[in-house]
Amino acid sequence: MPVNYSIRMPDLAATESEITVLAWCVGLGERVQRGQTLLEVETDKATMEVESVVSGVLREVLAQPDQRVEVGQVIAVMETEERAPSIKRVSEEASPTAASGATATETPTPAATATKPARRGLFARNRAKKEDRSDSPERPGTNLRSVPGSAPLGTVPLLRVSPAHRRAAERLQQSQQTVPHFYLQTSASAANLVARRSACSGTKTAWDAFFVYAAARALKRHSRMAYRYEDGTLVRQPTDAIGVAVDVDDDLFVVPIADPASLTPEQISDRLRQLADRLRAGDPEAKRVQPAWMTVSNLGASGVESFAAIVNPPESAVLAIGKVAPLPVARENQIVIEQRVNLTLSVDHRVVNGRYAADFLHAIVHELEALD
Amino acid sequence: MTSTAEQPPRPINARGYDRGFLLGLYETMVLIREFEEGVKYLFLEGSMPGTVHQCQGQEATAVGVCAALNEEDWITSTFRGHGHALAKGLSVEEMLFELFGARTGCAKGKGGSMHMGNMAKGMIPAIAIVGGSIPIAAGMALAFKMKRTQQVVACFFGDGAVAEGAFHEGVNLAAIWDLPVVFVCENNLYGASTRVDKVMKTPTIAERTSAYGLRGERVDGNDVLAVHEAAQRAVEECRAGAGPVLLELLTYRRGGHSRRDACHYQPKEERERWLERDPIDRFAQALIAREDVQEDELTAIRDRVVKQFNETVERAKRQPLPSLEELCTDVYA
Chain E
1 MPVNYSIRMP DLAATESEIT VLAWCVGLGE RVQRGQTLLE VETDKATMEV
51 ESVVSGVLRE VLAQPDQRVE VGQVIAVMET EERAPSIKRV SEEASPTAAS
101 GATATETPTP AATATKPARR GLFARNRAKK EDRSDSPERP GTNLRSVPGS
151 APLGTVPLLR VSPAHRRAAE RLQQSQQTVP HFYLQTSASA ANLVARRSAC
201 SGTKTAWDAF FVYAAARALK RHSRMAYRYE DGTLVRQPTD AIGVAVDVDD
251 DLFVVPIADP ASLTPEQISD RLRQLADRLR AGDPEAKRVQ PAWMTVSNLG
301 ASGVESFAAI VNPPESAVLA IGKVAPLPVA RENQIVIEQR VNLTLSVDHR
351 VVNGRYAADF LHAIVHELEA LD
Chain B
1001 MTSTAEQPPR PINARGYDRG FLLGLYETMV LIREFEEGVK YLFLEGSMPG
1051 TVHQCQGQEA TAVGVCAALN EEDWITSTFR GHGHALAKGL SVEEMLFELF
1101 GARTGCAKGK GGSMHMGNMA KGMIPAIAIV GGSIPIAAGM ALAFKMKRTQ
1151 QVVACFFGDG AVAEGAFHEG VNLAAIWDLP VVFVCENNLY GASTRVDKVM
1201 KTPTIAERTS AYGLRGERVD GNDVLAVHEA AQRAVEECRA GAGPVLLELL
1251 TYRRGGHSRR DACHYQPKEE RERWLERDPI DRFAQALIAR EDVQEDELTA
1301 IRDRVVKQFN ETVERAKRQP LPSLEELCTD VYA
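As given, the protein sequences belong to chains E and B, one line each in that order.
The first sequence runs 1 to 372 under this note's numbering.
The second sequence runs 1001 to 1333 under this note's numbering.
Be aware that one or more of the hints could be misleading.
Dumping the calculated SDA-like pairs for lysine to any residue here, alpha-carbon to alpha-carbon at most 20 Å [unchecked claim]:
1) B:K1108 / B:P1049
2) B:K1040 / E:R34
3) B:K1040 / E:E51
4) E:K45 / B:G1256
5) B:K1307 / E:S55
6) E:K45 / B:G1191
Hints were generated in silico from the structure; no laboratory data involved.
Start from the sequences, fold in the hints, and give me the full structure.
What follows is the structure, encoded as structure tokens:
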């Protein structure tokens, strides 16, 4: 006699954070074995697989990809022939997801129904979650219905964002609020850069690679840029890597180029493309935040002439590149058309002062213009 | 870092042993495996709170060593101690009750997964602090020696514990005073997610014993008979007063460090190589190679173990929890 069994999200998060559904590995109507992976989820720590606790057929899916779910929340319904395990809920209070719970009947053993519920909500962590659940998960304690003038429930548009987006948002907010930024703006001749890029056969060298190259070389005589401010002293960053900002499906990632001073722009470009491909392929290793002492960000492809970026902590600076474009400049009292590019260096004022940073930026320009 | 997984697993030779003894070893290993698997699903269902560190894949170490001990001997254990407990003789009942937080559990519901133990069965409640039980084992052995009781203590710890200061202190003390401790290092190649060759310059743990002056031996930890034989030798030496012995048992865990560990740091090929060296499968093959053991006997053992586990789970869910009045009982020394 088949019964419906509610599959609940197991307690996989290391901290009190939510779990996000990533993808279902089984389709509706498919037969599933106990122990088979049902879906993949993302916790604060890692991507994990959730195995089925019963064998049966998947009848309903109640959580969609990108949806945040709570521990204990019913995420699917399986039709099972086996005597479904009599679940002793950690807290005896009924789950508010009663709509789906009503169709799920778990086979009670006679002894279990006669039991005095000795296990009432003793596990504080789960209890706290249960109490919040009657309110909006986003704003515990606020009932949307009671807010005057708010749109009728169900019509407020919400745009769910990825965990990577949320992480970037938090980091950047913290940076803007705690790091004393100053901004230096200059432009460089991109003539040699363009020439070198055209001379290259095969895949064109990525623009960013030239700036990584120039910054790595400029660091040699401006080593203080590779320090960070910590508790009143300057600490050398643990790495010589320079990060490059990469956009993957609207998410911002920073891809580290290790040991850039030993590489040519072409080698840097290859490395950058490799890492960006791995990122696009969804490689979790590539998505991990890795240390660098500086980041390069390029919006030239989108037509931006110049911009100032936000320092990516704990780095000391970020170099923002605009588009390479032909512009009129004065050379020996004549107006000539030259390929130019704007660079804006945002700097953490706790690490270096304006003069030092300006010399560093000047050195970057020098390296770019000295390319052959 | 050479691991024995680079060579193909040597088939186990189960001849020359008493049939009943061998089936007993098999049953205990299957018991550990089914217990751990069952507990895993209890967590996935949401029935069981807390966290748990499981030992699927490492069954032969606990079973092989404990089979070489007498009832009067003792063991110390770790946060990954369900296997040790079952091998030493704790019942599925007292352990499941404990995992459900019941007052009738082996630690009265106050210990949980990481503190399994039963003083009446020769297992002090496990110490979850990495390396924490090593000096304690040395102290226990000192007591045995001073009281001239002929008892031995087997001290279980992992590869991660070897880098702890407590390892140095406990092993050194046991060495200088010839204390009857068998130091059992379950080297499963990972301390949480850190591979052992990143935290150790020497290729083996066993060779480090020469720095302390005791004998160290490296054993295929997934061969229950090899483990048992090495443990027997070690226990005999200890009882004879020859001093402590360290056994490095090479093994591998099939699951993550704890149940919230996705275990992505274990390379796929490595996992697959070790799956081929599964201790239970290998032993089953060795048993079937004997003419006096049939495959359906082994299946019957497994079925019996699973049935017992499931029945005990139902009872465990109905056990009483500690009352509020007992909040501070047994918690402070």
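Against the structure, the hints:
The straight-line distance between the Cα atoms of K1108 (chain B) and P1049 (chain B) is roughly 16 Å, inside the 20 Å bound, and the hint therefore holds. This hinted pair checks out: K1040 (chain B) and R34 (chain E) have alpha carbons roughly 12 Å apart, not beyond 20 Å. For a cut-off of 20 Å, the pair hint linking K1040 (chain B) to E51 (chain E) stands: about 10 Å separates their Cα positions. Restraint check for K45 (chain E) and G1256 (chain B): satisfied, since their Cα atoms lie roughly 13 Å apart, inside the 20 Å limit.
Distance restraint check for K1307 (chain B) and S55 (chain E): the Cα-Cα separation of roughly 17 Å lies within the 20 Å cut-off, and the hinted pair is therefore satisfied. Using a Cα cut-off of 20 Å, the hinted pair K45 (chain E) and G1191 (chain B) holds, with the two alpha carbons roughly 18 Å apart.
The structure shown violates none of the earlier numbered hints.
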